[in-house]
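These protein sequence lines map, in sequence, to chains C, P, Z and B.
Going by the working numbering, the first sequence runs without a break in its numbering and finishes at 137.
Going by the working numbering, the second sequence runs without a break in its numbering and finishes at 137.
Going by the working numbering, the third sequence runs without a break in its numbering and finishes at 137.
Going by the working numbering, the fourth sequence runs without a break in its numbering and finishes at 137.
Hints in this document: simulated from the structure, not taken from any laboratory.
Among the hints, a few may not be true.
In this list, chains with the same sequence are indistinguishable; a pair is considered to hold if it fits within one copy or across any two.
Said to hold, decoys possible - Taking lysine to aspartate or glutamate pairs in the DMTMM-like style, the calculated list, with each CA pair at most 25 Å apart, reads:
(1) K42 <-> D62
(2) K72 <-> D92
(3) K72 <-> D45
(4) K72 <-> E50
(5) K72 <-> E46
(6) K72 <-> D62
(7) K72 <-> E125
(8) K64 <-> E46
(9) K64 <-> D118
4 protein chains.
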Amino acid sequence: MTRPSKLSDETVAERLATLPGWTHHDGKLVREFRFKDFSAAFAFMTRAAMRAEQLDHHPDWFNVYNRVKVQLSTHDAAGVTDFDFLLAESMNSFAAADGPQ
Amino acid sequence: MTRPSKLSDETVAERLATLPGWTHHDGKLVREFRFKDFSAAFAFMTRAAMRAEQLDHHPDWFNVYNRVKVQLSTHDAAGVTDFDFLLAESMNSFAAADGPQ
Amino acid sequence: MTRPSKLSDETVAERLATLPGWTHHDGKLVREFRFKDFSAAFAFMTRAAMRAEQLDHHPDWFNVYNRVKVQLSTHDAAGVTDFDFLLAESMNSFAAADGPQ
Amino acid sequence: MTRPSKLSDETVAERLATLPGWTHHDGKLVREFRFKDFSAAFAFMTRAAMRAEQLDHHPDWFNVYNRVKVQLSTHDAAGVTDFDFLLAESMNSFAAADGPQ
Numbered sequence: 037m038t039r040p041s042k043l044s045d046e047t048v049a050e051r052l053a054t055l056p057g058w059t060h061h062d063g064k065l066v067r068e069f070r071f072k073d074f075s076a077a078f079a080f081m082t083r084a085a086m087r088a089e090q091l092d093h094h095p096d097w098f099n100v101y102n103r104v105k106v107q108l109s110t111h112d113a114a115g116v117t118d119f120d121f122l123l124a125e126s127m128n129s130f131a132a133a134d135g136p137q
Numbered sequence: 037m038t039r040p041s042k043l044s045d046e047t048v049a050e051r052l053a054t055l056p057g058w059t060h061h062d063g064k065l066v067r068e069f070r071f072k073d074f075s076a077a078f079a080f081m082t083r084a085a086m087r088a089e090q091l092d093h094h095p096d097w098f099n100v101y102n103r104v105k106v107q108l109s110t111h112d113a114a115g116v117t118d119f120d121f122l123l124a125e126s127m128n129s130f131a132a133a134d135g136p137q
Numbered sequence: 037m038t039r040p041s042k043l044s045d046e047t048v049a050e051r052l053a054t055l056p057g058w059t060h061h062d063g064k065l066v067r068e069f070r071f072k073d074f075s076a077a078f079a080f081m082t083r084a085a086m087r088a089e090q091l092d093h094h095p096d097w098f099n100v101y102n103r104v105k106v107q108l109s110t111h112d113a114a115g116v117t118d119f120d121f122l123l124a125e126s127m128n129s130f131a132a133a134d135g136p137q
Numbered sequence: 037m038t039r040p041s042k043l044s045d046e047t048v049a050e051r052l053a054t055l056p057g058w059t060h061h062d063g064k065l066v067r068e069f070r071f072k073d074f075s076a077a078f079a080f081m082t083r084a085a086m087r088a089e090q091l092d093h094h095p096d097w098f099n100v101y102n103r104v105k106v107q108l109s110t111h112d113a114a115g116v117t118d119f120d121f122l123l124a125e126s127m128n129s130f131a132a133a134d135g136p137q
């Protein structure tokens with residue numbers, strides 16, 4: 037897969053309209069997930085980690101107990117690309133399965 | 037926590053009545069879980085692994101793609117004990133959250 | 037990536053010569069790994085799980101405490117393919133890092 | 037286990053002398069781990085997650101690719117306690133096994 041190029045702010049805004057929970061901030065896609073407890077949060081992180089390896093595209097993320105704060109951007113493109121949306125969509129799907137609050 | 041003692045076949049049968057999906061076979065509690073895909077199956081295994089470490093009581097388990105076959109028994113007691121029920125109950129709760137089929 | 041085709045027994049034998057610990061048995065690559073404890077074993081499984089998702093090629097594996105018994109084959113090809121060797125090589129590399137006994 | 041009480045700055049300093057890599061900063065134990073790649077970093081996190089569940093004591097941690105930045109403190113005690121040292125010692129042991137750079 038060739039590395040995708042940076043998406044314009046307009047395109048990012050358009051695509052965020054169908055991606056619940058995420059915002060565009062400081063050149064990154066940002067979302068905070070909340071789960072029932074640490075166990076559910078880390079199960080989510082494990083699924084996201086497998087997806088990240090699959091895409092060879094990795095999140096910046098912070099976890100404390102049941103919360104996972106994620107920031108996605110594509111370093112090589114200095115902004116948000118298709119890769120970030122692919123990972124964000126997968127994360128939303130995993131979080132739905134793992135039962136975020 | 038002191039190691040619990042082996043439960044009688046009658047007690048195991050009684051307690052299985054409220055533990056969906058598990059059977060008592062050959063001195064072990066046995067269940068096969070099915071998930072949507074490998075990612076969901078391994079997220080379940082990760083939660084079960086954390087719980088196993090917490091209990092210091094570990095499963096015999098076999099995974100292929102979306103299936104996880106589990107056997108629980110307590111070696112020291114040569115049979116099924118409270119520990120096996122604790123782990124089995126947690127696994128059912130994780131599987132419900134992770135959406136088995 | 038197109039799915040690779042089944043390797044001949046001769047090719048499998050040749051390639052196993054440089055893959056410590058694995059044998060060819062019943063149309064599968066087989067190895068049992070032993071680790072210090074459950075924690076090390078499951079860390080290995082987590083790395084292998086990420087690699088499996090990356091390759092879209094998954095192991096049959098059985099774990100009890102510090103042991104992980106793995107069987108690799110390619111269902112579509114009814115035998116051993118390049119995919120099995122890719123996963124086996126990664127597993128050896130992960131096991132070396134995680135300190136098998 | 038009863039919750040331990042806050043350790044004095046002197047005690048923290050003394051114990052840090054035998055805990056390579058960690059510093060005491062702003063009422064927390066802090067360390068940044070670096071691994072070979074994301075796979076090794078996440079394997080470390082998985083082991084640490086199992087240990088955290090075992091202790092019922094969880095880290096604040098941030099991961100980007102091969103780096104894991106950890107902050108440990110005990111909320112109830114408003115400072116550093118024995119629990120933080122237990123988790124920090126385990127993390128050092130896991131990182132040694134998983135081969136940090």
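- Unsatisfied constraints (hint numbers, rising): 3, 4, 5, 6
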